[in-house]
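Number of protein chains: 2
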Amino acid sequence: MAALDTVLAKIDANLDSALDRLLRFVEIPSISADPAYASECTRAAEWLAAELRSIGCAASVRPTKGHPMIVGTVRAARPDVPHVLFYGHYDVQPPDPLDLWETPPFEPRIAEAEKGKQIIGRGVADDKGQLMTFIEACRAFNETGGGLPCNVTFFIEGEEETGSPSLPAFLAANAAELKADMALVCDTNMWDRETPAITIMLRGLVLEEVVIQAADRDLHSGIYGGAAVNPIHVLARIIADLHDEKGRITLPGFYNGVAELPEEITRQWRELRFRESDFLGKVGLSIPAGEQGRDILELVWSRPTCDVNGILGGYTGKGSKTVLPAQASAKFSFRLVGSQDPYKIAETFRSFVKEHLPADCRAKFISHGASAALQLPFNSAVLSLARRALADEWGKEPVISGCGGSIPVVGSFKHDLGMDTLMIGFGLEDDRIHSPNEKYELSSFYKGIRSWARVLNALAL
Amino acid sequence: MAALDTVLAKIDANLDSALDRLLRFVEIPSISADPAYASECTRAAEWLAAELRSIGCAASVRPTKGHPMIVGTVRAARPDVPHVLFYGHYDVQPPDPLDLWETPPFEPRIAEAEKGKQIIGRGVADDKGQLMTFIEACRAFNETGGGLPCNVTFFIEGEEETGSPSLPAFLAANAAELKADMALVCDTNMWDRETPAITIMLRGLVLEEVVIQAADRDLHSGIYGGAAVNPIHVLARIIADLHDEKGRITLPGFYNGVAELPEEITRQWRELRFRESDFLGKVGLSIPAGEQGRDILELVWSRPTCDVNGILGGYTGKGSKTVLPAQASAKFSFRLVGSQDPYKIAETFRSFVKEHLPADCRAKFISHGASAALQLPFNSAVLSLARRALADEWGKEPVISGCGGSIPVVGSFKHDLGMDTLMIGFGLEDDRIHSPNEKYELSSFYKGIRSWARVLNALAL
Chain V
103 MAALDTVLAK IDANLDSALD RLLRFVEIPS ISADPAYASE CTRAAEWLAA ELRSIGCAAS
163 VRPTKGHPMI VGTVRAARPD VPHVLFYGHY DVQPPDPLDL WETPPFEPRI AEAEKGKQII
223 GRGVADDKGQ LMTFIEACRA FNETGGGLPC NVTFFIEGEE ETGSPSLPAF LAANAAELKA
283 DMALVCDTNM WDRETPAITI MLRGLVLEEV VIQAADRDLH SGIYGGAAVN PIHVLARIIA
343 DLHDEKGRIT LPGFYNGVAE LPEEITRQWR ELRFRESDFL GKVGLSIPAG EQGRDILELV
403 WSRPTCDVNG ILGGYTGKGS KTVLPAQASA KFSFRLVGSQ DPYKIAETFR SFVKEHLPAD
463 CRAKFISHGA SAALQLPFNS AVLSLARRAL ADEWGKEPVI SGCGGSIPVV GSFKHDLGMD
523 TLMIGFGLED DRIHSPNEKY ELSSFYKGIR SWARVLNALA L
Chain D
103 MAALDTVLAK IDANLDSALD RLLRFVEIPS ISADPAYASE CTRAAEWLAA ELRSIGCAAS
163 VRPTKGHPMI VGTVRAARPD VPHVLFYGHY DVQPPDPLDL WETPPFEPRI AEAEKGKQII
223 GRGVADDKGQ LMTFIEACRA FNETGGGLPC NVTFFIEGEE ETGSPSLPAF LAANAAELKA
283 DMALVCDTNM WDRETPAITI MLRGLVLEEV VIQAADRDLH SGIYGGAAVN PIHVLARIIA
343 DLHDEKGRIT LPGFYNGVAE LPEEITRQWR ELRFRESDFL GKVGLSIPAG EQGRDILELV
403 WSRPTCDVNG ILGGYTGKGS KTVLPAQASA KFSFRLVGSQ DPYKIAETFR SFVKEHLPAD
463 CRAKFISHGA SAALQLPFNS AVLSLARRAL ADEWGKEPVI SGCGGSIPVV GSFKHDLGMD
523 TLMIGFGLED DRIHSPNEKY ELSSFYKGIR SWARVLNALA L
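Sequence order for the protein chains is V and D. Residue numbers for the first sequence, in this note's numbering: 103 to 563. Residue numbers for the second sequence, in this note's numbering: 103 to 563.
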């Protein structure tokens, strides 16, 4: 394997041709949601497989019931190095509304912006540019001789933007081939344009719907008001009682498995000086809700939540109707962290609801899913190596971040293949992914490639 | 004026012809809701005016923008007797669904039932039979010589079943003619088939809709959950906090003007042995909600309430959506009693909501109406006289009852004409008003006529 400096020099020398390859990739309208573009998805898969072959990987295009997958493995020259699975996706969101694009979405271009050059086109940030940072890093290793520092399996799908319907079955059928020591995913953001980030926490999710049944029919509130139980009141009491006055969730045992952050992480997040007034201000709010006394990044990245996502009961049309409704229903979601048990929490929630029911009311429960949080341990060796590698490239410590939402493929890697995932990405919050005029910073692309070279190099040490 | 005994004897002698007149009246399909029956409404009005003329009342049919009114006054022979306004309505509900009628709705008949004869036909209980009890009582006075014991103004409308749209303007335009010492309304029920009732309490109603606005758009609960305020939670807390753990409403000053019932009434209601298990059991409930430690009749007749009649927020379709909604809304109704001030209560409620709002949320309020409760004083002389008169006819003390709902015309009489209303009716709970096979007990009709003769006689003493 060549020295890292040589590889980085190669990356610098290759930049123009790498950029050209990215533009060719973005030109392929691989829109997974629209059946009219199925052949374009296949074309993108074949293009990618050819790229992988050009860097010494015997990649193949694998059919599914939907759009094809690409799988290929490159073995490192040295033995006893880690085996990583790199995941990405070649499909893109539909470009609508087309009239808001300044130039056609599949005619990518380089634009000068205030803070530097940008590459513009549908899918350039999500996920084609990000995906190519990794492939170009591998190319530089390959072209400088001696092969890759780690064993690498590429696993690239074409249905991420439509919920990855073929992925679970594909993982199950190809587990032996896809199982590695860990997964790498390049589909996340940096903290800001100068500061890289490693995402190590994804919140889990429990989705529960409750229907409360009181009387067996809607009642007239003139006749029954004051005597018959109102299921909206019962439901409101349940919702109100789920949080205490400090914003903590009151379900017994709810915080089991929720650890406090390491001091170092708390300090790092505090030093980011993330302005809650900006975060909330841009959606018309100003005061953090949720648990009191906690930093807002902590709240959205590393603390569990309970929210009602929808509620319905009685008459909701125009004007008024003096009805005591027979039913009221609500959809609840719990975001989980650490090692909170989603099934236990769903069960505790159902017990909580039942304990709140008057004896002549009933509750029906519908589960809409339950998944645990995912977390790479703070003290993992891999994390330390990746942090150092990114710091070397960017001249700044990477932010160790959480993600309030979920990335389903990371859960599949954990639960189906027993692998942790290191999520490193070079997107920026203003990349307009899923929106018109999607862009990827040229600096993200260029330093992203260099970052991956450093990370792969570090993982093999 | 003839002696009461003579009048009662006349009523007995007239029963067959009275019944025949009622059947002729029910034959007229005076369906106010259906424009196709407008001429039938006019025919019913003219038929009634002719009936009134036949008992010495120079009644006239008065056009409105909708169906006509009938107004006429008979002066008593004696001076210094009270002047009463008798209100009723000649219009009926549509008879649908027609196929559930055992015989055609407008071909009334007498049927033998287990507990006695019944008159069957649309509108026979609501309100044609009830209305005719009063007219037939007046007829008996007229036919026995000497005229009526009181001055009586008849005021009969044809739009009660469609919300009385022409009534307020008609009252305003004819206030001088319609103003009397008190109003009599025969559109209510007996306690049971042996026990008459006088309704002296109608609950008032305040209708308020609240829309709570949090963020300026719907948010992703993965990104904002734990940091952004959820308006459904805010609303649930408001609803929960509106009642204390004893079922009392917590709005400051809410119970101002709510008096405890006289001991005598409490005792009477307790002795009625009204079974809450029957009342609630027939709608699938078993436990009285609302204020603890109070009898169920007290709760529905004489205590104020607060109910949410509808609630809506967030995603309420199938499955789940991890949204933090921007808005949540609910429709509230307050039933009022005694001298509770509806405007003050609406104002207090709005303040209560505002005090519950996080500083970055806003509330929009929509009023759907506010009306005070109506109550004839327990110690009114008129009430005592009517109680005695009914007890003489039925051999049982009448129940002094409340009505949980509202009867708008009674409010208009109070507020527009400054008159209290005595509500005496002979309907039974199982009369199937508004439903197929509506019936009126022959005993209700017959003893209803006799009852009014006694009441009119008593009021003049």
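Think of the hints as simulated: they come from the structure by calculation, not from any bench. Note that the Cβ used here is the ideal one computed from N, Cα and C, for glycine as well. Certain hints may be false.
Below, in silico cross-link-like pairs of lysine-lysine (BS3-like), each with a Cα-Cα straight-line distance of 25 Å or less [said to hold, decoys possible]:
#1 Lys-549(D) <-> Lys-456(V)
#2 Lys-420(V) <-> Lys-420(D)
#3 Lys-446(D) <-> Lys-217(D)
#4 Lys-217(V) <-> Lys-549(V)
#5 Lys-348(D) <-> Lys-456(V)
#6 Lys-423(D) <-> Lys-423(V)
#7 Lys-456(V) <-> Lys-281(V)
#8 Lys-456(V) <-> Lys-456(D)
#9 Lys-384(V) <-> Lys-420(D)
#10 Lys-348(D) <-> Lys-167(D)
#11 Lys-466(D) <-> Lys-420(V)
#12 Lys-456(D) <-> Lys-384(V)
#13 Lys-348(V) <-> Lys-167(D)
#14 Lys-456(D) <-> Lys-466(V)
Just so you have them, the derived chain D footprint on chain V, three or more residues with Cβ under 8 Å [what the hints assert, rightly or not]:
#15 176 to 188
#16 426 to 439
Listed below are several chain D residues computed to face chain V (Cβ distance under 8 Å; list not exhaustive) [claimed, not checked]:
#17 Arg-211
#18 Leu-273
#19 His-335
#20 Leu-382
#21 His-470
#22 Ser-473
#23 Ser-508
Checklist entry - For the pair supplied as a hint, Lys-348(D) and Lys-456(V), is the alpha-carbon distance within the 25 Å limit? => result Roughly 20 Å between the alpha carbons, so the hint for Lys-348(D) and Lys-456(V) holds.
Next on the checklist: Check the hint pairing Lys-549(D) with Lys-456(V) against an upper bound of 25 Å on the C-alpha distance.
Outcome noted: Violated, at roughly 52 Å.
Checklist entry - Taking 8 Å as the limit, does the beta-carbon of His-470(D) come near enough to a beta-carbon in chain V? => result holds (4 Å)
Checklist entry - With a cut-off of 8 Å, does the beta carbon of His-335(D) approach a beta carbon of chain V closely enough for the hint to hold? => result Status holds, d = 6 Å.
Checklist entry - Do the alpha carbons of Lys-420(V) and Lys-420(D) lie within 25 Å of each other, as the hint requires? => result holds (23 Å)
Next on the checklist: Would the hint linking Lys-466(D) and Lys-420(V) be met if the CA-CA limit is 25 Å?
Outcome noted: Given pair Lys-466(D), Lys-420(V) holds - Cα atoms ~15 Å apart, limit 25 Å.
Checklist entry - Is the hinted pair Lys-348(D) and Lys-167(D) satisfied, with a Cα-Cα distance of at most 25 Å? => result violated (49 Å)
Checklist entry - Is the straight-line distance between the alpha-carbon of Lys-456(D) and that of Lys-466(V) 25 Å or less? => result Between Lys-456(D) and Lys-466(V) the Cα gap is close to 33 Å, so the pair fails against 25 Å, i.e. violated.
Next on the checklist: Hint validation: Ser-473(D) versus chain V, beta carbon distance must be below 8 Å. Holds or violated?
Outcome noted: With Cβ-Cβ at 12 Å, over 8 Å, it is violated.
Checklist entry - Once the shortest beta carbon distance from Leu-382(D) to chain V is found, is it less than 8 Å? => result holds (7 Å)
Next on the checklist: Given a cut of 8 Å on the nearest C-beta pair, is the interface hint for Ser-508(D) held or broken against chain V?
Outcome noted: Holds - the Cβ of Ser-508(D) comes within 8 Å of chain V, reaching about 7 Å at its closest.
Next on the checklist: Next pair to validate is Lys-456(D) with Lys-384(V); report whether the Cα-Cα distance is within 25 Å.
Outcome noted: holds (23 Å)
Consistency with the previously given hints fails for numbers 1, 3, 6, 7, 8, 9, 10, 13, 14, 15, 17, 18, 22, ordered from lowest to highest.
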